[in-house]
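Enquirer: Spelled out from the first residue to the last, the chains are:
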Amino acid sequence: MKPIITDQQRQFRLKSAPEYSQASFAWIVSIALSLLLLLGGYRSETGDFSPVLLTLSGAYLVFALLQLAVWARIRLDLIRDGSIRGGTRVLGYGLMLSLLSGNVFIATAAFQLVRAKKNAAYTLAVYTLLTTLLVFAVSALNLYKPYVANSFLTGMALLLVAAVIQLGALLFLAKVADRSVLPRSTAIIAVILILTALTGNVFALLLGLLLIARLRDGGGSAGSKTGQVIDRLSRSSTSMLGLLFILFLFALSVTSYWTFDYSLAIENNYSAILQPPSLAYPLGTDNFGRDLFSRIVFGARISLIVGLLSTIIPVVIGGLLGALSGYYGRHTDNIIMRALDILYAIPGILLAIAIIAAFGASTVNLVIALSVGAIPTYARTMRANVMLVSTLEYVQAARAIGSSDWVILTKHVVPNSLAPMIVKSSLTIGTAVISTSSLSYLGLGVEPHIPEWGNILKLGSAYLETHAYTAIYPGIAIIALVLAFNFLGDGLRDAMDPKLD
Amino acid sequence: MVEYVTAPSRRGIAQPLTAVFRKMLRHPVYRYLLFLSGAPITLIVLVCYQYRRSKLGYRTIAAEVENELRQSGDYESLAAEVRQQQQRKHRFFGRQPDEKQLEREVAHLASLKFNARVKERIERNIAERGRKITFEDTYRQLIESPLLFLLSLLLGWPMYILMGIYANPYLKYIAERLVMAIFVIFGVAFLVFTLLYLSPMNPAANLLGETATDEQIASFNRLYGLDQPYLVQLWDSLKGILTFDLGKSFAGNEQVTEAIAGKFPVTLTLTVVSTLIAVLIALPIGIISATRPNSFFDYTFMFIALLGLSIPNFWQGLIFILNFSIKQSWLPATYNPENWLSAVMPIVVLGTGLTAAVARMTRSSTLEVIHEDYITTAKAKGLSRRTVLWRHAVGNALIPIVTVIGLQFGGMLGGAAVTEKVFNISGIGSYIVDKQIIPDIPSIMGGVVYTAITISVVNVLVDLLYAFLDPRIRSKMKQY
Chain D
1 MKPIITDQQR QFRLKSAPEY SQASFAWIVS IALSLLLLLG GYRSETGDFS
51 PVLLTLSGAY LVFALLQLAV WARIRLDLIR DGSIRGGTRV LGYGLMLSLL
101 SGNVFIATAA FQLVRAKKNA AYTLAVYTLL TTLLVFAVSA LNLYKPYVAN
151 SFLTGMALLL VAAVIQLGAL LFLAKVADRS VLPRSTAIIA VILILTALTG
201 NVFALLLGLL LIARLRDGGG SAGSKTGQVI DRLSRSSTSM LGLLFILFLF
251 ALSVTSYWTF DYSLAIENNY SAILQPPSLA YPLGTDNFGR DLFSRIVFGA
301 RISLIVGLLS TIIPVVIGGL LGALSGYYGR HTDNIIMRAL DILYAIPGIL
351 LAIAIIAAFG ASTVNLVIAL SVGAIPTYAR TMRANVMLVS TLEYVQAARA
401 IGSSDWVILT KHVVPNSLAP MIVKSSLTIG TAVISTSSLS YLGLGVEPHI
451 PEWGNILKLG SAYLETHAYT AIYPGIAIIA LVLAFNFLGD GLRDAMDPKL
501 D
Chain X
1 MVEYVTAPSR RGIAQPLTAV FRKMLRHPVY RYLLFLSGAP ITLIVLVCYQ
51 YRRSKLGYRT IAAEVENELR QSGDYESLAA EVRQQQQRKH RFFGRQPDEK
101 QLEREVAHLA SLKFNARVKE RIERNIAERG RKITFEDTYR QLIESPLLFL
151 LSLLLGWPMY ILMGIYANPY LKYIAERLVM AIFVIFGVAF LVFTLLYLSP
201 MNPAANLLGE TATDEQIASF NRLYGLDQPY LVQLWDSLKG ILTFDLGKSF
251 AGNEQVTEAI AGKFPVTLTL TVVSTLIAVL IALPIGIISA TRPNSFFDYT
301 FMFIALLGLS IPNFWQGLIF ILNFSIKQSW LPATYNPENW LSAVMPIVVL
351 GTGLTAAVAR MTRSSTLEVI HEDYITTAKA KGLSRRTVLW RHAVGNALIP
401 IVTVIGLQFG GMLGGAAVTE KVFNISGIGS YIVDKQIIPD IPSIMGGVVY
451 TAITISVVNV LVDLLYAFLD PRIRSKMKQY
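Chains as they are written, first to last, in UniProt numbering: chain D, 1 to 501; chain X, 1 to 480.
Isolated chain X, as found in the complex:
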């Protein structure tokens, strides 16, 4: 550290860089990434490191030390000690181990201990000679020369970007979260494709009818690439998902991604609007219920919430249509993008479950928070009930609620199929359901995967939001 303070400017760069470098080397995954991203640089450093080690005679020292220790009977004494320990252990448990197994155990444990001792002795030996060589020191010594540093920047810029990301805890968290999301997205695509590939259904026969000849089926399969081997088809689908070109659907001869792009916004708008409305209704109800636990208000609203959780969407939709469209004709029974009144019932039906779940969650999490010690402290300071509740309790109670909203949003987007069918909305859910009979592989694949991608993106946003809102997570992030 003293060195760092008094160092001239170029050493000032080398020092923190080496610190990051050392830290990354300790992490198994980042070590590989570091080697890969800075391939030319790390190779040079590795060669220098090996060269200097051999110059120092690392191998000779190691052989010397090991020999010395063996000569002095170190191994035998260790083995005897271990044998005694083992025998004592077996005696304690009243077991009678057979000789062979005991010897095997002893040999194993003793060699482990012996190797550790040898290594320790070598390190000490080298340290005594005053020239300990590590990989990261080699790296530092190399980049201390400005010319070599510039060269390393030129050759190994990906490595420096990686190091920059690693050095900043927020960036690192975001990057790791994004990598996870990408991994999940590919996983989803792989899973859904494999499921549809394994399907015993025969889309060609289903689509062309019973009268189709073998040639017709074969030419259909060739047209859509269904005769290709598994890996080729998988690669095509993954590529198709990334380039937004999944080819044409089996039935209807339309571009799959175009069809999805036309239907997805409908579902997304309905879900987002009903999520917003649900949260606006549920939060106050939950908080008021929590401030008056076991009151009439609390019981009534929690019962209604439980009822809301228990009503199947399609039944609620049917009852709404029966009462508000058939009996009273207040609202149109089917959805029509031009008429906003027709969106009222679908939004209410979609949002019921979420409202109920969020209200229950808000109640329980607020109840938990207002029994914490720091709330008592706040009350003891003489703050008013209102200040305690809004300044101290609600903020912290919101944290688990955000998770529930994120999770439920995904469920809503996926479960919208049922509501869409009831109200005849041409959204992504009903699109997938319509396509499952054939099964129209690219359409189902696209529908499911793009929905999953949207949900993953929303979850990443929720997680990031969290990380910046919750001081506990923020401080944990810095400790990495």
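Extracted from the complex, chain D is given alone in its bound form:
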């Protein structure tokens, strides 16, 4: 006999299983991407579709439909029993094949579906492996090039070794990660994982550190605050996907030293001017015959470095000023905050333009210009937090036992007011990336000969009518990176929000 459940109960059952929302997210995004690929592949001149994109779009559609079917089964299971059946979970292994078409959305949902019990270590292991595989796949596209970098084979072999190790670690963790006490051999695996992080795979580094931290904890499962944040973050699929894209770009930037040939990105090749996308030139070539794909890969380096630096510098300076201002109050506060009010009155881009107008356009000046404009925002955030924390009992206690102001500030106040700063910086890093490329587009940013995304776009925008792809692809790269940072920032905010406790 079928038990009758209320609408509210049904909603609750559906919401209690993360697999359900992951599955719905995966199929919706896949269908959307499939449509986008179909649209992108349409050639208005000839009225037909580009075969490569059409195939890819078809593959996405097939997996989206399969995912939709699995989603429907999950829904049925949840409404009927309140839990997902083993038979449905097994379907996840089939969906993992979607990785072959590069569909990480369905693949990550599938990795989560096959396991009833999840934990941060397993999720991180999955993302570690995914990052290496994606880097390997993107680097492998170089095989179609007329020539490859000298260290290409070494680099690819290293990546392959790393992938095998990480797969081993994933299988191992799938077996043991649920136990409250990890076996001793985990330490060896953790160290090897950290070694594979040399390929730029930060997920591997994080996973290794997490495992070591858990080993040192012993059975104590209370977990530190950082542990809780990682745990919560790993449960949010959108922010993990954002992190995946950022760390994938980072790893690609690191490995591109071995697997990519820089000359393809910067040296003119007049025999291949403005080529449409092909296997040798996956995203086509620009008006100097330079490979757009290589240029975008190398541009990732600049965008990441400039974005990170112009966030870290104001976080440190603004954080310091804000902390001093909030802790000492009165005159210190007045002087610092009034001085920063002046900076705050000039919009970031305008201040950057003024600074660059005064000191000339170069990457260093760009970083300085963007950093200076962002200092007041961080100082304000930090000041508010420090003022809040300074009134708490443990700060009074520290003062009562005679700690000096400096010790109180550095040991008690600042570490406890960092969370909103981290959230804010992860949300504004995207803005920094946009500002970098905007200024480069205006000719005020990175030097024009460096393949930065804004520079590539500026060159491409001159060919908008005839070869629009030269302007579209770098733009998509910028959007994807900024979107990834925004997703990560939203996830971090939810994970660090004390209200959820």
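Keep in mind that the hints were calculated from the coordinates and are not lab data.
Please note that the accuracy of each hint is not assured.
With a straight-line cut-off of 25 Å between C-alpha atoms, the simulated DSS-like cross-links for lysine-lysine are [claimed, not checked]:
| # | chain 1 | residue 1 | chain 2 | residue 2 |
| --- | --- | --- | --- | --- |
| 1 | D | K118 | D | K15 |
| 2 | X | K172 | X | K23 |
| 3 | D | K458 | D | K225 |
| 4 | D | K458 | X | K327 |
| 5 | X | K100 | X | K113 |
| 6 | X | K100 | D | K411 |
Following the hints, complete the assembly by docking chain X onto the known chain D.
Expert: Just chain X now, with coordinates in the frame of chain D:
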């Protein structure tokens, strides 16, 4: 207070005036302002005050009391007490302080305590004699005479204006906010000028070309005052900004302020229109998303909003031109003030970021408000969902949104340079960008500073709006 109720009319003026006077004296900044603005009056009051104090023999009393206390061994007993406390403290922390430092600490603390005790004793002593003299009492006694009051009005009218502003919390808030804005504007002018002054670029050499002789460069510098010392140039620029006369630009030989006056309205109109449209679109979306959290509608719109935040303006502009001007030729690709259709794309591009930010902010702030206790109360009273939402929730949720709009408006005005370049709009942003190559110091300076001034004025308006809309801020203002 009794005195106030029964007082005749002229005392009725003196009493509240003195109250304001006393309050202002306690505030360090207003004390100076009071002394300065009422210079003749306050000087007279000060002289009277000092005279009456010496007549009372304040100094003799002070010396007497201090002597008396020292004689009675008060200081020694205090020092011994402090020493004991210090020793106990060090013992508690298990520290072994050296003798010298301990003595220094003891002497310092003991003299602090002793001075406080002496002061207290003097006050008590004077009070016992029944003639306590304060500065504000002297002032009151002086203006109680109508003649002197009229004289003080005549001589110290700036002081009375200041006191009038201080007495009214709203006026005081507005005045303080305006002073801040003026300070910021001068700060911005100073900052931008200093940046351009420190610039290693050489406008004369850039403009006259490589063939320019030293004399030509020198005469160029003399013509534009670039050979003057830093402070003279700074003073000229500040004066120029206030009098709307920044001289001629280096290139093109045009009046800078005239050029800016021609370009600024274009940017301002586009920004204001796109702000209005953005807010009109974003508010309903945010509120509807908040009322149905985690629904399909919510996810879709918040994803679109996040996408809107992530799209660089110039790329969006290029894609629009590609699709609507090149492929479809629905809208013109470049801006033309006569054709309103050409303003559609720039307005949409400019407003995308703001729409996204406001929609997200509206959602989160409405979500926060509808989980407050007073909303539960409103629901418990039996109000309909609609009334609860519109009467109780949205009004309060709007408060942080207004801030975001104010901030974003500034960012838009400053960031318009990129959009203006894409659509070939001759606004202030593209003007500054065009002038940066030389660098044309007066033009850049004028462009940046006037933009910053506009933003400051908008922020003042937003703050004032706030102060009158938000009852919490209103009540806080009255408590000053």
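Enquirer: Each hint: holds or not?
Expert: Hints versus structure:
| no. | hint | verdict |
| --- | --- | --- |
| 1 | D:K118 x D:K15 | 16 Å, holds |
| 2 | X:K172 x X:K23 | 13 Å, holds |
| 3 | D:K458 x D:K225 | 45 Å, violated |
| 4 | D:K458 x X:K327 | 20 Å, holds |
| 5 | X:K100 x X:K113 | 20 Å, holds |
| 6 | X:K100 x D:K411 | 31 Å, violated |
Checked against the numbered hints above, the structure violates hints 3, 6; every other hint is satisfied.
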